[in-house]
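What follows is each chain in one-letter form.
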Amino acid sequence: MNIEERVKAIISEQLEVPLDSLTAETTFEEIDADSLDIVELVMALEEEFDLEISDQEIENIKTIGDIVNYIESRI
Amino acid sequence: MGVISPIGSGKEEFWQGLLSGRSGIRKVTAFDAGGYPCQIAGEIPDFDPARYLDRREVKKMDRFTQLGAAAALMAWHDAGLDRVGIDCDAVGVSVGSGIGGIRTLEEQYRLLMEKGPRRVSPFLVPALAANMAAGYISILLRLRGPNAAAATACASSSHAIGDAFRVIQRGEAEIMVAGGAEAAISQIAFAGFCSARALSTRNHEPARASRPFDRERDGFVIGEGAGIVILESLDHALKRGAHIYAEIAGYGMSADAYHITAPDPEGEGAALSMQRALDSAGLEPEAVDYINAHGTSTEYNDRMETLAIKKTFGRHASRLAVSSTKSMIGHLLGAAGAVELIATLLCMEHQTAHPTINYEVPDPDCDLDYVPNRARPMKIDVALSNSFGFGGTNATLAVKRYVGA
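If you read the sequences in order, they're chains A and B. Mapping of the first sequence onto our numbering: position 38 corresponds to residue 38, and the numbering continues sequentially without gaps. Mapping of the second sequence onto our numbering: position 265 corresponds to residue 265, and the numbering continues sequentially without gaps.
Rather than coming from a laboratory, the hints here were simulated on the basis of the structure. Every residue, glycine too, gets a C-beta built ideally from N, C-alpha and C. A hint or two may mislead.
To be verified - What follows is a list of derived Cβ distance ranges for each label pair:
1) A:Leu-19 to B:Asp-48: 39 to 49 Å
2) B:Asp-48 to A:Glu-29: 24 to 34 Å
3) B:Met-113 to A:Asp-66: 25 to 35 Å
4) B:Val-84 to A:Glu-13: 32 to 42 Å
5) B:Thr-29 to A:Glu-46: 28 to 38 Å
6) A:Leu-19 to B:Thr-29: 52 to 62 Å
Stated by the list, open to error - With a cut-off of at most 16 Å between alpha-carbon atoms, the simulated EDC-like pairs for lysine to aspartate or glutamate come out as follows:
7) B:Lys-115 to A:Glu-16
8) B:Lys-379 to B:Glu-349
9) B:Lys-60 to A:Glu-16
10) B:Lys-59 to A:Glu-40
11) B:Lys-310 to B:Glu-349
12) A:Lys-62 to A:Asp-32
13) B:Lys-379 to B:Glu-286
14) B:Lys-115 to A:Asp-50
15) B:Lys-59 to A:Glu-16
16) B:Lys-115 to A:Glu-29
17) B:Lys-60 to A:Glu-40
18) B:Lys-60 to B:Asp-82
19) A:Lys-62 to A:Glu-29
20) B:Lys-311 to B:Glu-266
21) B:Lys-59 to B:Glu-107
22) B:Lys-400 to B:Glu-247
23) B:Lys-115 to A:Glu-47
24) B:Lys-60 to A:Asp-32
What the hints assert, rightly or not - With the C-beta cut set under 10 Å, the calculated list includes, among others, these residues of chain A facing chain B:
25) Ile-3
26) Glu-5
27) Ile-10
28) Gln-14
29) Leu-15
30) Glu-25
31) Asp-37
32) Ile-38
33) Val-39
34) Met-43
35) Glu-46
36) Glu-47
37) Glu-48
38) Glu-72
39) Ser-73
The shape of chain A in the complex, shown without the other chains (with noise of 0.2 Å):
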């Protein structure tokens, strides 16, 4: 799998929406995740992808691509 793919299984694990609904233009929004579920969202990926993500980080993260372009990044 690579690193979308990636996000998106644990996007739609952890917040159960149906993985084909996911694209990388999703926002967060429109699966209606609150703050809550993005800080526990973003353990995940730290988890995952064995890295750390800081709040003001977070804070940019609007759509599905912003996090993968992220991790892209630091990877």
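Since the structure of chain A is already known, use the hints to place chain B on it.
Chain B in isolation, oriented as in the chain A frame:
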């Protein structure tokens, strides 16, 4: 009413379990209890929260909230409230828990130790809070009336229901969703209760371990579950043609002012609680047909409660029937009072006292009529339900059969 118990979920299944005297006590499956002095519990192994609640929400809740919310939905449906338009600002929630989200705490503490503070879930604190079942039920059903959660150990849900009764009496709500939920079958809770020497160690025969009032009783058995009742002002209930199980006639509260875990051996606090319930209902002791006892199966409680009933009822004590639901489902801690009030209401509805099972060897200190081992058809017009908690807190609910205006 809505109930999830170790002998069945929903009022029909629960009643069948009570009537047939079935035990819901088995070997613990939630964790490996091998090294614990007590290895048995009243679990609900087949509880599937996703049958009642949104999967994504379920993950953020502790099991006690899942149980409480599921029971609340059952009660809401049973009361026909999902089929009528009601003013949700006039509907409140009073749902307690003795311990709250201890399973989530235990799991997250393990993560903290293994992986550090950055891996502790942002949902820990809301999962843990003992009022979260009450909070979640209000969100689920959009109820903006008074919202509270009694946390008085094993008396929590009796207090929650009694307090809800007072809210309606004061005119602060037309309807209250009231009861309790508990899911404390966890390693840390077991270890603590074991160390306090509160639990039965009859591990080789789980179904016979909870034996209230029997001379060979050796402690209580932890159970999990939830019980929710819908309390409603009489006018409101009559206007919408609701099925009325019974009338909450009175509510008594007291404290032992004696010890953190042991009840006052003289039963003064428990007797005061029952007396106050009778007084607030305007009932003579002789009017009471049936008492659903706290009846935990501990040496102390059962002797003390017997004495307290004798103090309150005098000669009538030997004429009324007393039974312990805990003989079948174990001790549901903060959910016990609500589940046992539901048992009491079902006994009233069927005019049959459910049995105290595992009653085999009489104890000279426990010499009342405990409805041993077999259900008994009888007149039940007025009943009490007792709950006593650590800290020496006591609550008694008095219920009366509704006979119409």
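Verification of the hints:
{"no.": "1", "hint": "A:Leu-19 to B:Asp-48: 39 to 49 Å", "in the structure": "violated (23 Å)"}
{"no.": "2", "hint": "B:Asp-48 to A:Glu-29: 24 to 34 Å", "in the structure": "holds (30 Å)"}
{"no.": "3", "hint": "B:Met-113 to A:Asp-66: 25 to 35 Å", "in the structure": "holds (33 Å)"}
{"no.": "4", "hint": "B:Val-84 to A:Glu-13: 32 to 42 Å", "in the structure": "holds (39 Å)"}
{"no.": "5", "hint": "B:Thr-29 to A:Glu-46: 28 to 38 Å", "in the structure": "holds (33 Å)"}
{"no.": "6", "hint": "A:Leu-19 to B:Thr-29: 52 to 62 Å", "in the structure": "violated (32 Å)"}
{"no.": "7", "hint": "B:Lys-115 to A:Glu-16", "in the structure": "violated (25 Å)"}
{"no.": "8", "hint": "B:Lys-379 to B:Glu-349", "in the structure": "holds (10 Å)"}
{"no.": "9", "hint": "B:Lys-60 to A:Glu-16", "in the structure": "holds (12 Å)"}
{"no.": "10", "hint": "B:Lys-59 to A:Glu-40", "in the structure": "holds (11 Å)"}
{"no.": "11", "hint": "B:Lys-310 to B:Glu-349", "in the structure": "violated (26 Å)"}
{"no.": "12", "hint": "A:Lys-62 to A:Asp-32", "in the structure": "holds (12 Å)"}
{"no.": "13", "hint": "B:Lys-379 to B:Glu-286", "in the structure": "holds (13 Å)"}
{"no.": "14", "hint": "B:Lys-115 to A:Asp-50", "in the structure": "holds (12 Å)"}
{"no.": "15", "hint": "B:Lys-59 to A:Glu-16", "in the structure": "holds (10 Å)"}
{"no.": "16", "hint": "B:Lys-115 to A:Glu-29", "in the structure": "violated (30 Å)"}
{"no.": "17", "hint": "B:Lys-60 to A:Glu-40", "in the structure": "holds (10 Å)"}
{"no.": "18", "hint": "B:Lys-60 to B:Asp-82", "in the structure": "violated (25 Å)"}
{"no.": "19", "hint": "A:Lys-62 to A:Glu-29", "in the structure": "holds (8 Å)"}
{"no.": "20", "hint": "B:Lys-311 to B:Glu-266", "in the structure": "holds (9 Å)"}
{"no.": "21", "hint": "B:Lys-59 to B:Glu-107", "in the structure": "holds (13 Å)"}
{"no.": "22", "hint": "B:Lys-400 to B:Glu-247", "in the structure": "holds (5 Å)"}
{"no.": "23", "hint": "B:Lys-115 to A:Glu-47", "in the structure": "holds (10 Å)"}
{"no.": "24", "hint": "B:Lys-60 to A:Asp-32", "in the structure": "holds (14 Å)"}
{"no.": "25", "hint": "Ile-3", "in the structure": "violated (21 Å)"}
{"no.": "26", "hint": "Glu-5", "in the structure": "violated (21 Å)"}
{"no.": "27", "hint": "Ile-10", "in the structure": "violated (13 Å)"}
{"no.": "28", "hint": "Gln-14", "in the structure": "holds (8 Å)"}
{"no.": "29", "hint": "Leu-15", "in the structure": "holds (6 Å)"}
{"no.": "30", "hint": "Glu-25", "in the structure": "violated (21 Å)"}
{"no.": "31", "hint": "Asp-37", "in the structure": "holds (8 Å)"}
{"no.": "32", "hint": "Ile-38", "in the structure": "holds (9 Å)"}
{"no.": "33", "hint": "Val-39", "in the structure": "holds (4 Å)"}
{"no.": "34", "hint": "Met-43", "in the structure": "holds (6 Å)"}
{"no.": "35", "hint": "Glu-46", "in the structure": "holds (7 Å)"}
{"no.": "36", "hint": "Glu-47", "in the structure": "holds (7 Å)"}
{"no.": "37", "hint": "Glu-48", "in the structure": "violated (13 Å)"}
{"no.": "38", "hint": "Glu-72", "in the structure": "violated (22 Å)"}
{"no.": "39", "hint": "Ser-73", "in the structure": "violated (21 Å)"}
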